[in-house]
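S.K.: These protein sequences, in sequence, are chains W and D.
Residue 105 in numbering that gives the first Met the number 0 sits at position 106 of the first sequence, and the numbers go up by one each step.
Residue 194 in numbering that gives the first Met the number 0 sits at position 195 of the second sequence, and the numbers go up by one each step.
Hints in this document: simulated from the structure, not taken from any laboratory.
We put the CB at the ideal spot given by N, CA and C, even for glycine.
A couple of the hints might just be wrong.
What the hints assert, rightly or not - Using C-beta positions, here's what the derived DEER-type ranges look like:
1) W:212 - D:174: 29 to 35 Å
2) D:17 - W:160: 34 to 40 Å
3) W:110 - D:228: 55 to 61 Å
Said to hold, decoys possible - Chain D is faced by these chain W residues, among others (derived, beta-carbon under 7 Å):
4) 67
5) 70
6) 74
7) 78
8) 83
9) 84
10) 94
11) 97
12) 127
So the chains spell out like this:
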Amino acid sequence: MDLHLEAISHGYGSVEVLKNIDLQINQSEIVCIVGPSGCGKSTLLRIVGGLEQPLSGQVMQLGEPPAGSLNPLTYIFQDFALLPWRTVKGNVSLALEEHGLSTAKVDQIIGDVLARTKLNEFADALPRQLSGGMKQRVAIARALSVKPAVMLMDEPLSALDSQTRELLMDDLIDLWQREGFTACYVTHNLAEAVRLGHKIVVLSRRPGEIREIVEIDIPLAERSNFTVELESKQKQLWGMMREEALAADMELIDD
Amino acid sequence: MTDIDLKSADTQDATRPAKPVTFRGGGFQIKPLGPIAPLVFIGLIAFWEYGSRSGFISSLVLPAPSEVYVAFAELVQSGMLLVHLSASLQRLVIGWTAGTVLGISVGLLIGLSSVARAGLSPLVSAIFPIPKIALLPLFVIWFGIGEGSKVATILFGTFFPTVITTYGGVDNVDRNLIRMGQSFGLSWSSIVRKIIFPGALPAILSGCRISASIAIILLVAAEMIGAEFGIGAYILLAGSLFATDQLIAGVAILSTMGLCFAWVIGRAEKYFLNWRT
Numbered sequence: 000m001d002l003h004l005e006a007i008s009h010g011y012g013s014v015e016v017l018k019n020i021d022l023q024i025n026q027s028e029i030v031c032i033v034g035p036s037g038c039g040k041s042t043l044l045r046i047v048g049g050l051e052q053p054l055s056g057q058v059m060q061l062g063e064p065p066a067g068s069l070n071p072l073t074y075i076f077q078d079f080a081l082l083p084w085r086t087v088k089g090n091v092s093l094a095l096e097e098h099g100l101s102t103a104k105v106d107q108i109i110g111d112v113l114a115r116t117k118l119n120e121f122a123d124a125l126p127r128q129l130s131g132g133m134k135q136r137v138a139i140a141r142a143l144s145v146k147p148a149v150m151l152m153d154e155p156l157s158a159l160d161s162q163t164r165e166l167l168m169d170d171l172i173d174l175w176q177r178e179g180f181t182a183c184y185v186t187h188n189l190a191e192a193v194r195l196g197h198k199i200v201v202l203s204r205r206p207g208e209i210r211e212i213v214e215i216d217i218p219l220a221e222r223s224n225f226t227v228e229l230e231s232k233q234k235q236l237w238g239m240m241r242e243e244a245l246a247a248d249m250e251l252i253d254d
Numbered sequence: 000m001t002d003i004d005l006k007s008a009d010t011q012d013a014t015r016p017a018k019p020v021t022f023r024g025g026g027f028q029i030k031p032l033g034p035i036a037p038l039v040f041i042g043l044i045a046f047w048e049y050g051s052r053s054g055f056i057s058s059l060v061l062p063a064p065s066e067v068y069v070a071f072a073e074l075v076q077s078g079m080l081l082v083h084l085s086a087s088l089q090r091l092v093i094g095w096t097a098g099t100v101l102g103i104s105v106g107l108l109i110g111l112s113s114v115a116r117a118g119l120s121p122l123v124s125a126i127f128p129i130p131k132i133a134l135l136p137l138f139v140i141w142f143g144i145g146e147g148s149k150v151a152t153i154l155f156g157t158f159f160p161t162v163i164t165t166y167g168g169v170d171n172v173d174r175n176l177i178r179m180g181q182s183f184g185l186s187w188s189s190i191v192r193k194i195i196f197p198g199a200l201p202a203i204l205s206g207c208r209i210s211a212s213i214a215i216i217l218l219v220a221a222e223m224i225g226a227e228f229g230i231g232a233y234i235l236l237a238g239s240l241f242a243t244d245q246l247i248a249g250v251a252i253l254s255t256m257g258l259c260f261a262w263v264i265g266r267a268e269k270y271f272l273n274w275r276t
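Chain W on its own, in the form it takes in the complex (with noise of 0.2 Å):
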């Protein structure tokens, strides 16, 4: 399944957040989202997501998504946001509860995502008992037991110290090299854009609009052998949003 994003614009009152964004996400395919803070990054993916509507603009669902995937469109936030009061299993049961599922195919289910994620041994752990990293496996967990479509992530690693977020990173790429997820991953790190990226969306400042979109050939799994290649990507976008992100620094916040 595919997801076109036509003329997208958005705004709160007198604010504009975005303005006219036209993109393509593919099956199979990451598209990184980067832009200064506020740029409106994840007002977009909440519209992708169908959390908020547009102003004017659409987002279109092309093709069928997969047989059985019980939540095509699934985000993986940047807190989170488990139940602190249900154990990592009961995270997960959460998104199957509403399917009509038989208890022995939610446990199935449950068993297989833990596993794929390294969870197994924590299934009966509530949320406060684990390390932010693994809080994220969690929710990576709980995103893969609807059988997503699009993965939408906001920012997934930005709340992860670096180490933490270095060890998520190439288990994202494991998992892309195992199951071809496609995925709308915003950030603002550069550097993760250009690991995880196929395509790298940047947005200027508000209102956001789409500067460029830069594409990397090189595969996923082969991206660790290039450093000098994505150090030169990363400088390139870097160049691109200095200034933006210099001016977005300045502004005053009020909305």
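Put chain D on the given structure of chain W with help from the hints.
M.R.: Chain D in isolation, oriented as in the chain W frame:
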């Protein structure tokens, strides 16, 4: 000269005085200290007893703890303790439970619906501060002189604080968790049951602590209206006869009830909120 040289020129001075950094971090940590509370309690009563016996606390002003104990023993022996206690507990339990259930329902309604919030929340704020004791005569007219008016007083007294703490709790539920629920396509009722209610539960339970105390306060007021039995009635009778030993015995029973309620709610918090850090 390199950076290192610049630095070491400064540090190699061996003649400068050295002293350890003073510790200034402690002082604001509350730590459990074992059975201090019973000791304070026993010490206070011992002092009181000593004061009464030696005469510097006149028995007119305050009866000695031993006299209070005698009054209490009489109450137990006559079998009236159970009669008073069961009458009071029945009123408390019915009034408090009904008030809490209604309060949580209305609180959730105000927390979840804009219409209910606009319509009801000013009303709640307007009625909450009215002392329910002032409304006793009205309750008698509305609910009769029997159990009805007594239960209603306690019910009204617990209802309003519960409403306020419940919708405060709902307002404090992490919006991102709700958004997460929506993003997984959960139905409205699932989001309320699985995300909003458990999220508001800490506030609801601490509201219960307050409303339980209010219920006990109002119990005495409620038993002012022609109650034959009940701890409140016992205290009022003792008061009007200036039987201060019985009065203190009754008051001690009330505070024991308060302690028991607080303990039960504490257990409930431990059980339901074990997920909290």
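S.K.: Is the interface hint for residue 94 of chain W satisfied, with its Cβ closer than 7 Å to some Cβ of chain D?
M.R.: Nearest chain D Cβ about 5 Å off; hint holds.
S.K.: Going by Cβ atoms only, is residue 97 of chain W closer than 7 Å to chain D?
M.R.: It holds, given that the least Cβ distance between residue 97 of chain W and chain D is near 6 Å, below 7 Å.
S.K.: Can you tell me whether the CB distance of residue 110 of chain W to residue 228 of chain D sits inside 55 to 61 Å?
M.R.: With Cβ atoms ~60 Å apart, the hint holds.
S.K.: Kindly confirm whether 34 to 40 Å is satisfied by the beta carbon distance between residue 17 of chain D and residue 160 of chain W.
M.R.: holds, 35 Å
S.K.: Should the interface hint for residue 70 of chain W be scored as holding, given a Cβ-Cβ cut-off of 7 Å against chain D?
M.R.: Holds: closest Cβ of chain D sits about 5 Å from residue 70 of chain W, inside 7 Å.
S.K.: Identify whether the interface hint at residue 127 of chain W stands, where standing means a beta carbon of chain D within less than 7 Å of its own.
M.R.: holds, 5 Å
S.K.: Holds or violated: is there a CB of chain D closer than 7 Å to the CB of residue 83 of chain W?
M.R.: holds, 5 Å
S.K.: Next item in the hint list is residue 67 of chain W. Is there a CB on chain D closer than 7 Å to its CB?
M.R.: violated, 15 Å
S.K.: Restraint: residue 78 of chain W near chain D, CB-CB cut 7 Å. Satisfied or not?
M.R.: With a closest approach of 6 Å, the residue 78 of chain W hint holds.
S.K.: A closest beta-carbon separation below 7 Å is what the hint needs, so does residue 84 of chain W meet it against chain D?
M.R.: Check passed: Cβ of residue 84 of chain W comes within 4 Å of chain D, closer than 7 Å.
S.K.: With 7 Å as the cut and Cβ atoms as the points, is residue 74 of chain W at the interface with chain D?
M.R.: holds, 4 Å
S.K.: Does the beta carbon distance between residue 212 of chain W and residue 174 of chain D stay inside 29 to 35 Å, or does it fall outside?
M.R.: holds, 32 Å
When each numbered hint is compared with the structure, a violation occurs for hint 4 only.
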